[in-house]
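Please model the entire structure based on the sequences and the hints provided.
Given next are the chains, with one letter for each unit.
Protein chains: 2
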Amino acid sequence: MDIVAGIDIGGTKTKVGLVTKEGKCLKSTWFRTREYPDFEKYLDKLYATVKSLVNDYPEDLNVLGIGIGAPNASSRHGTIENASNLLWKGTVPILAKLQERISVPMKLMNDASAAALGEMLFGNAKGMKDFIVVTLGTGFGAGIVANGQLIDGYDGFAGELGHVDMTLGDGRLTGLGVRGGLEAYVSATGLKRTILFMMSKYMDESRFRSIAFNDLHGEDITKAAEEGDPIALKAFDYTADILGQALANFTAFSQPEAFFLLGGLIGSGKWITEPLKKYFNDYLLEVYKGKVKLMYSGMKGKTAAICGAAALIWEDHQ
Amino acid sequence: MDIVAGIDIGGTKTKVGLVTKEGKCLKSTWFRTREYPDFEKYLDKLYATVKSLVNDYPEDLNVLGIGIGAPNASSRHGTIENASNLLWKGTVPILAKLQERISVPMKLMNDASAAALGEMLFGNAKGMKDFIVVTLGTGFGAGIVANGQLIDGYDGFAGELGHVDMTLGDGRLTGLGVRGGLEAYVSATGLKRTILFMMSKYMDESRFRSIAFNDLHGEDITKAAEEGDPIALKAFDYTADILGQALANFTAFSQPEAFFLLGGLIGSGKWITEPLKKYFNDYLLEVYKGKVKLMYSGMKGKTAAICGAAALIWEDHQ
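In order, the protein sequences belong to chains R and F. Sequential numbering from 1 applies to the first sequence in our numbering. Sequential numbering from 1 applies to the second sequence in our numbering.
Don't read these hints as lab results, they were simulated from the structure. Here the structure is a predicted model, which is why all the values come from computation and not from measurement. For glycine and all other residues, C-beta sits at the position ideal for the given N, C-alpha and C. Be aware that a few hints might be false.
Unchecked claim - Dumping the calculated EDC-like pairs for lysine to aspartate or glutamate here, alpha-carbon to alpha-carbon at most 20 Å: (1) LYS126/F - ASP316/F; (2) LYS126/R - ASP155/F; (3) LYS293/R - GLU286/F; (4) LYS293/F - ASP155/R; (5) LYS234/R - ASP204/R; (6) LYS289/R - GLU81/F; (7) LYS129/F - ASP56/R; (8) LYS289/F - GLU286/R; (9) LYS129/R - ASP155/F; (10) LYS293/F - ASP282/F; (11) LYS89/R - ASP155/F; (12) LYS223/R - GLU205/R; (13) LYS89/F - GLU286/R; (14) LYS234/R - GLU219/R; (15) LYS291/F - GLU81/R; (16) LYS27/R - ASP56/R; (17) LYS289/F - GLU81/R; (18) LYS289/R - ASP155/F; (19) LYS291/R - ASP155/F; (20) LYS192/F - GLU205/F; (21) LYS192/F - ASP237/F; (22) LYS21/R - ASP2/R; (23) LYS291/F - ASP155/R; (24) LYS126/F - ASP155/R; (25) LYS291/R - GLU81/F.
Unchecked claim - Beyond 12 Å from chain F on every Cβ pair, some chain R residues (computed): (26) LEU61; (27) GLY180; (28) GLU219.
Unchecked claim - In silico contact screen, one side only, chain F against chain R (beta carbon under 8 Å); selected entries: (29) PRO37; (30) PHE39; (31) GLU81; (32) ASN82; (33) SER84; (34) GLY153; (35) TYR154; (36) LEU161; (37) GLN245; (38) PRO256; (39) VAL287.
See below:
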């Protein structure tokens with residue numbers, strides 16, 4: 001059976017899986033990225049993981065290629081550059097290095113762009129030609145498709161929308177030092193920062209007054225909203241407001257038919273999506289109103305990112 | 001000789017010309033758009049103008065088609081929708097109506113997108129696959145090319161970047177009522193508004209203290225800057241700051257190889273471009289630094305927009 005290995009490199013976990021033409025993940029596994037600060041050792045581990053997944057599979061598999069999604073990845077150069085969530089600093093030539101170990105077709109792409117390709121091949125964007133996938137996890141990522149093609153940019157770094165400044169230079173700093181950058185507001189981390197901001201601004205009672213920032217988790221904020229915690233509700237409203245405005249701005253750029261939302265922040269469900277719908281529609285220019293859908297990603301579960309990465313190779317076998 | 005008629009519909013003037021395959025405008029003319037508030041009469045005038053240009057030309061011409069650039073144009077529907085600078089309200093089906101009068105291939109596009117296509121076929125973007133044309137006139141327009149294709153958007157309204165809000169809802173209103181919209185700052189009109197703002201903020205002596213807003217012209221602001229007028233210098237610096245930030249934000253979207261700048265505001269030359277270069281580089285994310293060029297448009301003179309419109313048809317005859 002033909003198969004593609006999909007690899008999703010995240011700040012915490014590296015996920016590896018075997019994906020069929022239909023986007024089904026037959027088998028997957030993961031290991032901790034941070035246990036391999038030495039990049040050569042990381043590659044050895046990555047190679048060993050793919051190899052054992054394929055060898056241990058009960059059927060004979062023909063590996064068509066390896067698709068890799070990673071933060072700050074340049075599809076053009078096959079490198080990861082200055083990724084703030086990874087331990088390897090500077091420019092890491094991951095494709096060239098991995099090719100030394102396995103000789104199959106390989107492609108590397110920004111993780112959000114890989115998610116967009118996965119959505120188009122296997123998910124809810126089938127048949128769409130203009131859409132944007134927005135990943136709201138530790139950071140803020142975007143994969144943009146226009147005219148049925150992924151927008152890569154001149155150098156492979158398109159879609160770094162988490163570092164768009166929404167405040168004319170008068171706001172929070174992102175991990176990359178961008179003042180007012182979207183990611184500092186609209187991400188799982190941004191939501192936590194907003195909890196602190198709301199407690200500084202208002203004197204409402206809140207369960208978060210007795211929880212330290214480092215002990216704060218996204219799920220707690222969702223739970224607090226369900227219990228009517230006013231700080232949690234204000235934080236979701238504030239986050240949805242800024243996200244709605246950002247999506248309205250992005251609409252003015254490429255006018256997508258739909259946005260697909262995924263990632264930890266979207267796991268909060270209606271607490272974020274209900275106010276988001278309202279704000280998005282408020283901010284949308286008249287000419288776009290009623291034409292842009294806000295949708296959940298069709299790539300569900302823990303293997304979504306693996307399937308997205310595998311789509312990089314499956315795209316060439318359609 | 002094969003020829004394409006290019007039409008540029010502006011709030012003030014409608015320009016019509018005959019353009020060769022090489023992008024040379026053989027002959028052109030114009031009439032005042034506002035003299036035809038009745039849309040049918042406007043179309044009659046438009047048809048008569050094209051016809052007489054072709055008939056009066058000393059050689060025999062074979063008209064391959066008509067390309068039209070207009071504000072708020074939907075390439076998909078062949079309509080102009082709610083253009084704030086035009087007298088015809090609602091949705092105007094210009095292509096269908098013009099087809100009733102002349103039966104040749106026709107295409108309609110947002111004026112800034114037409115400018116981008118013109119730049120690619122005839123101007124300074126020859127051979128480039130990822131670039132953005134920014135028009136800074138009465139308003140703020142953008143034509144975006146990625147992967148060698150114009151980004152039209154789902155409904156043909158991509159690139160309305162003048163209505164991107166840069167201030168989290170706390171700024172000036174644009175003509176379309178967008179608070180904090182870029183066009184309210186970065187356009188010929190925006191610069192005039194900034195002159196007032198600077199005189200309200202600072203007490204510097206300035207020639208503009210004795211000139212009313214309605215009597216204020218872009219050229220006067222350039223001249224004042226040349227004479228060292230502190231209000232003019234502050235206004236250019238402020239405008240360049242916001243434009244630099246906006247272009248840095250757009251870079252995060254599609255990572256163009258170059259921005260091409262044109263329009264009245266750019267006519268101010270170094271007073272806007274020198275501070276712009278500095279601010280743009282300051283705001284650019286590390287991963288983009290040194291990779292994005294700021295360039296002047298290669299489409300010069302009064303027929304630039306006509307040639308851009310004609311490029312819509314010439315694109316199909318390359």
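Hint numbers not upheld by this structure, sorted from lowest to highest: Hints 3, 7, 8, 11, 27, 29, 30, 33 not satisfied by this model.
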